[in-house]
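Below, each chain spelled out in residue letters.
There are 2 protein chains.
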Amino acid sequence: MVDSLTTQTAISDNVYLLEEAYGLGKDVLGGKGHGLVEMTHAGLPVPPGVIISTRVCAEYYENGKKFPEELMPTVMSKLSVVEEKTGKKFGKSLLVSVRSGAPLSMPGMMDTILNLGLNDEVVQFLESSTNNERFAYDAYRRFIQMYGKIVERIDSKKFEGLIDKKKAAKGVESDVELNALDMKDLVNEFKQLFKEETGKEFPSDPKEQLRRAVEAVLQSWNGKRAVEYRRFYKIDDSMGTAVGIITMVFGNTGDNSGSGVGFTRNPSTGEKKLFAEFLINAQGEDVVSGARTPYSIEEIEERMPDLYAQLSRIGGLLERHYKDMQDFEFTVENGKLWMLQTRTGKRTAQAAVKIALDFVSDRMITEEEAIMRVEPAQLDQVLHKHIDPEAHIDVLVRGIAASPGAAVGKAVFDTNKAAELGKLGESVILVRRETAPEDIHGMIASQGVLTQRGGKTCHAAVVARGMGKPAVVGAESLVILENRAQAGDVMISEGDILTIDGATGDVILGAAPLVDAQISADLDRFLTLADRFRKTGVWANADTPQMVAKAIEFKAEGFGLVRTERMFNAKIRLPYVQRMIISSSTEERKKWLEKLKEFQKRDFYDIFLAAKGRPVVIRLLDLPQHEFLHAPASPELGDLIAKKLPSLKEDNPMLGHRGIRLGMTYPEIYEMQAQAIAEAKVAVEAKGIEVQAEIMLPLTSEAKELSRLRELIKRILPDSPVGTMIETPRAAVTAGEIAKYSDFFSFGTNDLTQMTFGMSRDDAEGKFLVKYVEEKILPNNPFEVVDKQGVGRLMKIATEDGRLQNPKLEVGVCGETGGDPESIEFFINEVGVNYTSCSPYRVPIARLASAQALIKRKATDGESKKYAASV
Amino acid sequence: MVDSLTTQTAISDNVYLLEEAYGLGKDVLGGKGHGLVEMTHAGLPVPPGVIISTRVCAEYYENGKKFPEELMPTVMSKLSVVEEKTGKKFGKSLLVSVRSGAPLSMPGMMDTILNLGLNDEVVQFLESSTNNERFAYDAYRRFIQMYGKIVERIDSKKFEGLIDKKKAAKGVESDVELNALDMKDLVNEFKQLFKEETGKEFPSDPKEQLRRAVEAVLQSWNGKRAVEYRRFYKIDDSMGTAVGIITMVFGNTGDNSGSGVGFTRNPSTGEKKLFAEFLINAQGEDVVSGARTPYSIEEIEERMPDLYAQLSRIGGLLERHYKDMQDFEFTVENGKLWMLQTRTGKRTAQAAVKIALDFVSDRMITEEEAIMRVEPAQLDQVLHKHIDPEAHIDVLVRGIAASPGAAVGKAVFDTNKAAELGKLGESVILVRRETAPEDIHGMIASQGVLTQRGGKTCHAAVVARGMGKPAVVGAESLVILENRAQAGDVMISEGDILTIDGATGDVILGAAPLVDAQISADLDRFLTLADRFRKTGVWANADTPQMVAKAIEFKAEGFGLVRTERMFNAKIRLPYVQRMIISSSTEERKKWLEKLKEFQKRDFYDIFLAAKGRPVVIRLLDLPQHEFLHAPASPELGDLIAKKLPSLKEDNPMLGHRGIRLGMTYPEIYEMQAQAIAEAKVAVEAKGIEVQAEIMLPLTSEAKELSRLRELIKRILPDSPVGTMIETPRAAVTAGEIAKYSDFFSFGTNDLTQMTFGMSRDDAEGKFLVKYVEEKILPNNPFEVVDKQGVGRLMKIATEDGRLQNPKLEVGVCGETGGDPESIEFFINEVGVNYTSCSPYRVPIARLASAQALIKRKATDGESKKYAASV
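Taken in order, these protein sequences are the chains called A and B.
Residues 0 to 870, numbered by numbering that gives the first Met the number 0, are exactly what the first sequence covers, in order.
Residues 0 to 870, numbered by numbering that gives the first Met the number 0, are exactly what the second sequence covers, in order.
To be clear, the hints were calculated from the coordinates, so they are not data collected in a lab.
Among the clues, some could well be false.
[Unchecked claim] Here are the in silico distance ranges between beta carbons for each label pair:
1. A:K770 to B:R565: 27 to 33 Å
2. A:G424 to B:R565: 35 to 41 Å
3. A:K770 to B:E593: 22 to 28 Å
Just so we're clear, the structure is a prediction, and the values are computed from it rather than from any experiment.
Even for Gly, the Cβ is constructed at its ideal location relative to N, Cα and C.
Model the full structure from these sequences, guided by the hints.
Following this line, the structure appears as structure tokens:
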């Protein structure tokens with residue numbers, strides 16, 4: 000976070016020429032500004048310019064949006080140096096861009112004004128000096144449009160309407176077909192529109208233009224889109240944006256000019272090869288918006304070998320400087336290459352893994368650095384579903400594969416509608432001609448994105464990749480109309496089901512069968528590397544032999560939670576379960592339990608076989624009884640259940656007669672389960688396969704519960720470790736006593752969170768919890784990311800007290816947060832667990848997160864001892 | 000607790016003559032034995048005897064009920080000294096009683112055998128030496144009966160049946176009318192019965208009798224009745240009983256003999272005057288069982304002035320020795336007085352208070368000791384209801400006022416039935432001819448007890464007083480038959496409603512109107528004395544001006560919990576509340592809130608007036624919304640509610656959208672309440688009456704909730720302290736942060752207990768919780784007595800962390816445990832609260848408990864510093 004200007008740091012200390020600012024960080028210069036400063040320092044061709052530091056923005060908001068008096072004089076004085084360097088004069092020939100630049104990348108989220116400095120005089124100078132009248136007036140009309148939109152909030156469509164009218168009048172289809180005169184007309188019409196909308200003339204004084212533009216950029220930091228983006232990515236609101244005022248270079252002066260974006264290597268696959276797109280006679284925004292389809296890197300190499308060679312050389316320089324893959328923007332003005340921006344490039348998980356491994360091979364980074372290069376959550380992408388390769392599918396259209404993974408959902412053409420339906424839990428594919436920052440909330444709420452236009456670096460592609468959502472872009476044969484789309488003679492209406500595959504670019508009408516991903520050889524190598532850096536176990540929660548097998552494929556080392564409730568719910572067993580529950584005597588109950596035992600024995604047998612000797616922690620029944628009586632298995636049972644139901648009904652079943660309390664009142668149930676485990680164990684061991692069964696009791700709140708039932712289980716399974724879930728706050732604060740009767744603890748963070756907050760997940764998530772997270776009352780949904788202050792503190796107390804009483808105590812986590820990277824780091828570094836256990840598909844994520852946690856701790860331990868105290 | 004004989008302490012060190020044991024405690028000698036030893040030492044007439052220490056009993060159970068080989072030889076050797084002293088020979092003329100004697104009084108709970116040593120020879124010696132054949136055979140048949148019952152578990156009714164048969168055959172009504180021959184017959188019939196039941200002869204060897212009797216007494220420690228009694232009174236099971244073997248003296252040798260019980264002062268009123276009852280020609284058991292009505296103290300004084308004088312002198316000696324009111328048993332054998340037992344006498348709360356004050360006046364005890372003399376929970380008695388003096392009642396019969404307070408309930412004649420119905424929550428009056436230890440579970444479950452027979456010291460009276468339950472005994476004009484009772488020509492059947500008044504002895508058919516008690520002048524003096532020894536506030540929970548006034552009558556110093564939900568529930572307000580809840584916009588909601596504000600303003604106005612300047616902590620709405628929609632206030636509302644209901648339904652309302660969460664989503668509700676408070680405050684202050692309103696927010700789990708709503712409230716009520724309930728575990732563990740925005744904490748132990756255990760009170764109490772307490776999984780119902788290990792630890796964490804951040808933080812308790820003496824002691828001495836708040840009727844109890852807590856801490860602090868660590 001940036002220190003604010005509480006003591007009125009002089010403005011003059013916060014405005015820099017690019018060449019003056021080397022050594023300052025992104026927190027001060029913003030990401031873009033920092034890149035320009037670094038590139039300037041490295042001797043790359045960067046247009047001269049001025050950066051206003053983020054501190055000015057922070058102060059602007061702290062002072063209630065008061066624009067600092069001294070800012071513009073300081074900026075103008077710096078700008079005079081730029082005038083010298085360029086030989087151009089602001090207000091005469093020097094045009095600038097005014098851009099935002101946040102410390103963390105927020106692509107397209109804030110406002111930028113190009114061509115600033117133009118007026119009726121300057122445009123003539125521009126025309127004469129470039130000898131390109133059309134270019135000059137095109138620049139001028141673009142400037143008026145952007146300025147009007149950003150500074151005066153004039154709806155951009157109104158300007159577009161005038162262009163469309165002009166094109167219609169001329170009978171042409173594309174902007175390029177409009178000539179200089181048309182542009183001149185448009186300038187006048189735009190100025191007229193500006194006056195109608197604002198009640199004042201378009202400002203002709205470039206200094207006034209600049210002042211207003213700088214303020215608009217500052218204001219864009221708190222624009223709706225920017226705030227939404229920061230919320231989604233959990234970026235601190237107080238950082239503020241820097242403002243860059245950079246000499247304009249033009250990619251649209253003719254066919255010897257153009258603009259492009261590039262990646263130093265392939266951001267989708269990680270392939271070690273320059274990746275760029277270039278649009279002739281265009282400004283950068285034309286490339287990013289995807290309105291025209293640019294030259295691919297192959298086309299650049301073939302048609303513009305010089306440019307390709309320059310970009311390759313610069314790419315290499317950038318990678319060596321930054322020691323990471325870079326994403327850059329460039330413009331060619333009348334044949335001269337200018338670098339406009341560089342930053343660490345966003346990439347798919349697959350690319351992130353390959354790049355990290357390649358950088359290690361090239362000895363550019365250490366193994367630890369490589370492990371830290373991949374966001375664990377991003378791995379979810381690689382483990383995304385794809386279309387079943389065995390399935391017969393009819394590809395409707397094929398677009399550009401922009402963000403991997405396949406998604407199925409209802410086609411929705413309106414962003415707001417998509418956002419609405421998505422919030423209601425509907426699976427939606429957002430289908431747009433192209434996306435813009437305004438579409439961000441719709442993209443967040445969708446399963447995937449499909450666009451008609453754009454390339455791999457267009458807005459939709461970049462944002463979708465960042466979010467880990469499947470995206471297909473540039474599906475040009477899809478014609479998108481208002482609320483429907485046409486693909487050949489097929490019409491897609493709102494609500495029609497589509498499948499998209501962001502790895503192939505395929506678009507299919509209807510729901511294609513999806514299958515789960517396998518781990519690639521690169522990812523396997525990468526995770527095996529990560530395994531070497533972790534010391535805590537990664538176990539899986541699995542209730543079936545299939546889940547056990549899947550988890551082993553992902554290299555789970557044990558099974559931290561094998562629930563037995565689901566087994567009870569199978570249709571064939573339900574009559575017995577129901578009869579057992581409504582039994583009116585222990586004898587009767589035992590009779591039905593005897594039947595259930597045979598089922599359970601088979602379950603455990605299959606799971607032990609699948610687990611191949613790995614530890615299997617079986618949680619005995621946590622059965623909210625009435626839940627099993629909803630649907631009587633026969634009319635006769637219906638009558639019996641109806642009689643029993645009133646006495647079983649609970650006002651708050653979450654806090655009712657469940658878990659170990661059931662074992663206390665009906666010990667015969669746990670006795671049956673222990674017997675089934677014992678018999679299954681013998682049967683599997685008879686096949687020469689080791690069985691490590693551990694018995695876990697749910698919902699303990701008092702040590703005596705455990706001491707009593709531990710004895711019962713130990714009678715049947717003398718060699719099996721017996722432990723307990725820690726999922727009531729009381730278990731946590733009396734853990735010292737409980738540890739006397741436990742071989743292990745396993746934190747059930749779902750229930751523990753519910754009880755610690757006094758908040759039922761089901762009742763909270765649909766209601767106030769969303770608001771709590773949105774309004775930052777809570778930093779996260781505590782059911783997804785562990786609540787460190789509350790639940791986490793209880794976990795620390797429990798672990799510390801438990802180990803004090805029982806130094807051999809094993810401690811694990813098997814709640815949903817056991818698969819969340821941020822939570823895993825806390826569990827390992829703050830709670831000190833021995834293992835975490837999560838759903839099979841999150842095992843790779845947990846392996847990486849566990850390694851990163853240890854690497855972070857080592858780094859911090861080396862640096863200072865503060866870390867432990869800071870949480 | 001007694002050290003057990005783990006290292007095989009010699010038996011010889013654990014058997015004492017009465018005169019050898021002076022200086023040993025009740026823990027070793029049992030209460031009875033201790034009394035006999037003390038009286039022997041004081042030179043009072045005590046029959047010689049031997050005491051087997053409690054350690055022998057403890058060892059007996061530790062060794063799996065193995066009777067120690069060396070015990071009987073040791074006993075016999077001591078008994079030879081008794082033979083010397085009495086000039087009698089065991090097996091020839093010496094008869095003994097074998098009695099249990101626990102360290103804590105458990106009246107009638109364990110077994111006693113009298114007249115032990117009798118056989119066909121000894122009875123003849125007894126006959127010839129007393130020259131009373133009837134007496135001798137009566138003693139013999141009693142012995143066979145008791146021995147048969149206690150040692151061989153022969154049903155007593157079988158013996159009684161033989162007596163009834165004999166009386167019927169003779170055409171007589173009372174046992175006294177049976178002559179010596181009849182008794183001889185009965186001895187033979189009893190021996191025959193004994194043989195039929197056991198398959199063996201009645202043992203004629205007195206040594207064998209003694210050995211079996213001692214073992215039976217040891218076994219009675221774990222008899223059903225004894226275990227139940229200990230559970231009710233929370234007495235440690237491991238203490239064990241002593242066994243007394245004491246020379247028999249006979250109150251039934253003729254009209255110059257008799258037995259009696261006495262209290263050194265009146266146990267009902269505390270009046271400083273000897274209180275005794277005496278039954279001529281009877282053994283002690285006849286007095287205690289209440290089978291015949293004894294002479295009152297007035298009758299003794301009039302008819303037996305010598306006995307009266309002796310008892311008076313001895314009573315004085317006992318009080319000076321024990322510095323407390325004593326309860327004693329005595330027998331007159333042929334004109335000679337023998338003291339058989341003394342112990343601290345049970346008394347009503349009223350008596351306890353008066354006796355404590357009188358002892359202070361007489362400078363026999365200090366003020367602190369006086370305060371410690373009254374059990375706070377016992378005060379509940381004094382505050383028991385009585386029959387409205389204004390009401391017209393028809394007294395059906397009048398009995399002896401045996402235990403104060405009035406009760407209304409269904410007449411039930413069977414103990415087991417009463418226990419059953421009582422557990423189901425029915426109000427029951429247990430109606431019995433007389434009660435016996437077998438009836439204890441029925442008494443526990445009843446509202447009150449009514450007996451046909453017995454005096455103020457009969458079993459029913461003593462036990463009911465101990466339990467603080469209303470009792471009327473000796474209602475002789477009530478004839479109790481099987482399952483019904485006749486009073487004149489009125490027949491009372493099972494289920495008929497009765498009212499009893501244990502302070503007057505009145506029995507009324509039907510439900511008489513009951514009113515609450517006032518505080519007596521004695522109690523007022525006593526509590527005022529106690530107030531001087533406490534430092535923590537005693538506040539009350541009150542929702543109405545009436546409750547506020549009642550609490551002030553009991554000297555509540557503030558109001559720790561004024562709930563606003565109940566106000567909302569009034570019929571006239573319900574339509575507005577319902578419309579408010581189903582409002583679909585903030586504007587609409589505000590409209591209905593505006594109406595509700597007027598009601599609330601009036602509520603607060605009345606409460607502020609009644610509180611007369613005392614602090615009033617108003618808890619803002621904790622409204623489970625759907626609870627208010629059960630009964631639509633109109634058909635139109637019914638339709639509207641039906642539509643809204645599905646979206647309000649919660650699976651676990653306890654963990655749902657309630658408390659401060661409601662304030663977060665609908666701040667306008669709390670805003671309205673704050674406005675109503677502000678306006679009411681102004682109006683009351685305008686009358687010259689001070690208002691100390693404090694605002695309390697419910698169910699906080701995160702500091703930011705509080706910081707936001709505190710701001711809202713402070714805008715409207717800038718001078719009012721704003722604080723929070725601590726009732727979620729998360730609030731407790733994040734209390735440091737929460738304290739930054741709180742002027743006070745108030746522990747809501749009900750919700751805190753529910754969430755800490757993960758146990759809903761409603762769902763638990765009817766189901767597993769009873770079993771948990773019965774089986775000692777938990778020491779108490781944690782909703783009644785605070786759970787120190789779990790909930791208590793959270794309270795300590797919260798208080799410590801809270802005060803660290805905010806040294807001015809006031810901490811209180813307003814949950815139900817705030818009125819429980821054991822909990823209050825913990826809150827004051829372990830948590831360090833500033834005040835406790837409870838229902839108005841428990842304010843006197845809380846005042847006393849708070850004083851006692853401080854006195855105990857001082858005593859412990861003086862003694863050692865261990866106390867704090869021991870919990």
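Here's how the hints hold up against the structure:
1. A:K770 to B:R565: 27 to 33 Å: At roughly 28 Å between Cβ atoms, R565 of chain B and K770 of chain A fall inside 27 to 33 Å, so the hint holds.
2. A:G424 to B:R565: 35 to 41 Å: About 38 Å separates the Cβ atoms of G424 of chain A and R565 of chain B, which means 35 to 41 Å holds.
3. A:K770 to B:E593: 22 to 28 Å: holds (24 Å)
Violated hints for the displayed structure: none, as all numbered hints are satisfied.
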